[in-house]
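Asks: Listed below are the residues making up each chain.
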Amino acid sequence: MKFFRLIFVEMRRALHRRLVRWMIFIALVGCAGVGLIAFLTSRNPVKFAHDTGHPARMVNWWVSRNGGESFLTPAALFLVVGAVICGASVVGAEWKSGTMTTMLTWVPSRLRLHGARTISAAVLSFVISFLLQIVYLASALPAVITHGTTTGTNASWWSALLLAMLRISFITLLVTVLAVSIATIGRNTSAALVALATWALVIERLIAGFWPKYARFMIAENVGIVVPWEQLRDASFDRPPIIALIALIGYLIPIVAVATVLFVRRDVATT
Amino acid sequence: MVAVIEIEGLRKEYRLRHGKRVSAVDGLDLSVPEGGVFGFLGPNGSGKTTTIRCMLGLVSATSGTTAVLGLPTPAELSKVIPRVGSIVETPAMFPTMTARENLELLGAVDGIGKQRVIQSLEKVGLGDRADHKVRTYSLGMRQRLGLAAALLKDPALLVLDEPANGLDPAGIREIRELLRQMGDEGRTVFVSSHLLSEVEQICDRVAIIDRGKLVLTGRVDEVLAEASRPSLLVGVEDLSVGAGVLQRAGISVEVEGAFLRVAMPATDAAKVTKLLADAGIYLSELRPESVSLEELFLSITAHEEDQL
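If you read the protein sequences in the order shown, they are chains R and U. In this text, residue positions in the first sequence follow the numbering used here: the first is 25, and each later residue adds one. In this text, residue positions in the second sequence follow the numbering used here: the first is 213, and each later residue adds one.
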């Protein structure tokens, strides 16, 4: 009971972070902007007829990779980036502001505190990213209703869309936990962001470029398989989606374990 | 007397970047009895905050033991923390939240209700600013908010690290009265401070540490009485004539600024006045020489720097 109370407190603390609120606000503004662009571009019948992937055709909201790019896919990238920034900030800011010391004078078990913080960040990330996906898709509704079509949106399409949204939310959950863990190890938001960006944008790209046979082990490649739940297009390797998902979770476990051990054992010698 | 804080042989070493080890606390022994206000004094870097952090499980001791409220820490921290209210260095709260929201959130950890939050804020004089964002608070108000947070648990022991930091004289007086009130309520207030005149006014007992070691502890009045020399300060118009009169009577005298320091206890003041009056010398002032806590503190902790 006390642990659930702590998780709830941690959620409220995270939601009070100015950065988290700003990121949600920016995402909502982005959704509104995308919706407006979708509406305006759907008004020109000639252009609309040529744009077969336009979100005013509701079926384009989610299509298999081999059938083309989905309207939903770019949102996943922004959600992942936002989740990394917010996850790192939730922990990093606690160290920077000194509220970590305050919390530790209230919660004697560091394991419990770290566990509650990680779980709360994960749950919030999942829920917020799912809700933002709904807002993002809904932003295209005016275009669908006024100029578009719902043709092709049968029950199996709806379930595919829902599963894709859940997978994207799960990926944001995983990267949030990763960011929380790295920020816990570094006790710093910037350090966590730099470390994650360096890994994802530099080291993984170098490895994938110079040693393509190791590309299957890269986080980006595995995320790219899990989100559409199918093989990467033009990939030189064959990796079932479930293996890609297990690989992502497998990477996370040791990092979470290291972060937990360090959080429990290290001195809190400065405010 | 039951000890609420018991520290034995506490040692905390930190490793510097180049591998050299430095002791922040070096074999500290300390016993804090139950009830009243206990002043924990020491110059900057003497190990006060590290000692407090060790007691509260924020840093792990290199060696030695700490017990709080009769339970060893950090082993039994889960039983200790709910009964201890603390401020460690600057109390940190969410600046974008109001004082009430901050305390409600902290209180929610232990299932403390909103009524108790209001009571705590009112107790530290922040009742009318409860719904203002913490970022609009002055440093003094933030200190008081930290104190309100510490009081939220209705603690048996308050551990306060420099609670008067950054406060103006009026704020210091408020905190002083508040701490005294806490001590009189039967709680134990363990307060580290460098405001020695404040400590002297509110503390029942003190401990002075220097370079991580305990150098003196006891009741404030006893400590000061022990440190005071049994002497009188006598003000006369002509110091050399007055000194001559007393020296001829076999009394040890030395000139101390605008006074004569007479090596006699206060109970012999009448003898001094009679001797001087008989010689036609009239006193402008006569008082027993006392040592303030500040003088005592400086004499204990500044000696090594003096030698440098």
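Derived by calculation from the structure, the hints in this document are not laboratory data. Check the hints yourself; a few may be wrong.
Under the rule of at most 25 Å between Cα atoms (straight-line distance), these lysine to aspartate or glutamate pairs were calculated in the DMTMM-like manner [said to hold, decoys possible]: (1) U/326 <-> U/397; (2) U/291 <-> U/322; (3) R/120 <-> U/316; (4) U/425 <-> U/238; (5) U/483 <-> U/468; (6) U/326 <-> U/316; (7) R/26 <-> U/288; (8) R/26 <-> U/366; (9) R/120 <-> U/374; (10) R/120 <-> U/334; (11) U/291 <-> U/241; (12) R/26 <-> U/374; (13) U/425 <-> U/225; (14) R/26 <-> U/238; (15) R/120 <-> U/238; (16) R/120 <-> U/397; (17) U/345 <-> U/301; (18) U/232 <-> R/75; (19) U/291 <-> R/291; (20) R/26 <-> U/322; (21) U/425 <-> R/291; (22) U/345 <-> U/334.
What you are looking at is a predicted structure, and each value in this text was computed from that prediction instead of being measured.
Asks: Against each hint, give a clear statement of whether it holds in the structure.
Replies: Structure-based check of each hint:
1. U/326 <-> U/397: Satisfied, since the Cα-Cα distance of roughly 23 Å is no more than 25 Å.
2. U/291 <-> U/322: holds (12 Å)
3. R/120 <-> U/316: Answer holds: residue 120 of chain R to residue 316 of chain U is near 22 Å, not above 25 Å.
4. U/425 <-> U/238: holds (6 Å)
5. U/483 <-> U/468: It holds: about 20 Å lies between the C-alpha atoms, which stays within 25 Å.
6. U/326 <-> U/316: Measuring from Cα to Cα gives roughly 6 Å; hence the hint holds.
7. R/26 <-> U/288: holds (18 Å)
8. R/26 <-> U/366: holds (19 Å)
9. R/120 <-> U/374: Answer holds: residue 120 of chain R to residue 374 of chain U is near 20 Å, not above 25 Å.
10. R/120 <-> U/334: Given that 25 Å is the threshold and the Cα spacing comes to 29 Å, the pair is violated.
11. U/291 <-> U/241: Holds, because 23 Å separates the two Cα atoms, which is no more than 25 Å.
12. R/26 <-> U/374: violated (31 Å)
13. U/425 <-> U/225: Status holds; Cα separation ~13 Å.
14. R/26 <-> U/238: Violated: residue 26 of chain R and residue 238 of chain U sit about 38 Å apart, past 25 Å.
15. R/120 <-> U/238: violated (29 Å)
16. R/120 <-> U/397: Between residue 120 of chain R and residue 397 of chain U the Cα gap is close to 36 Å, so the pair fails against 25 Å, i.e. violated.
17. U/345 <-> U/301: This hinted pair holds, its Cα atoms lying about 21 Å apart.
18. U/232 <-> R/75: Not OK: residue 232 of chain U and residue 75 of chain R at ~68 Å, beyond 25 Å, violated.
19. U/291 <-> R/291: Between residue 291 of chain U and residue 291 of chain R the Cα gap is close to 20 Å, so the pair holds against 25 Å.
20. R/26 <-> U/322: holds (8 Å)
21. U/425 <-> R/291: At roughly 21 Å apart (the allowed maximum being 25 Å), residue 291 of chain R and residue 425 of chain U satisfy the hint.
22. U/345 <-> U/334: Cα-Cα ~16 Å, so holds.
In summary, the structure is inconsistent with hints 10, 12, 14, 15, 16 and 18 from the numbered list given earlier, while agreeing with the others.
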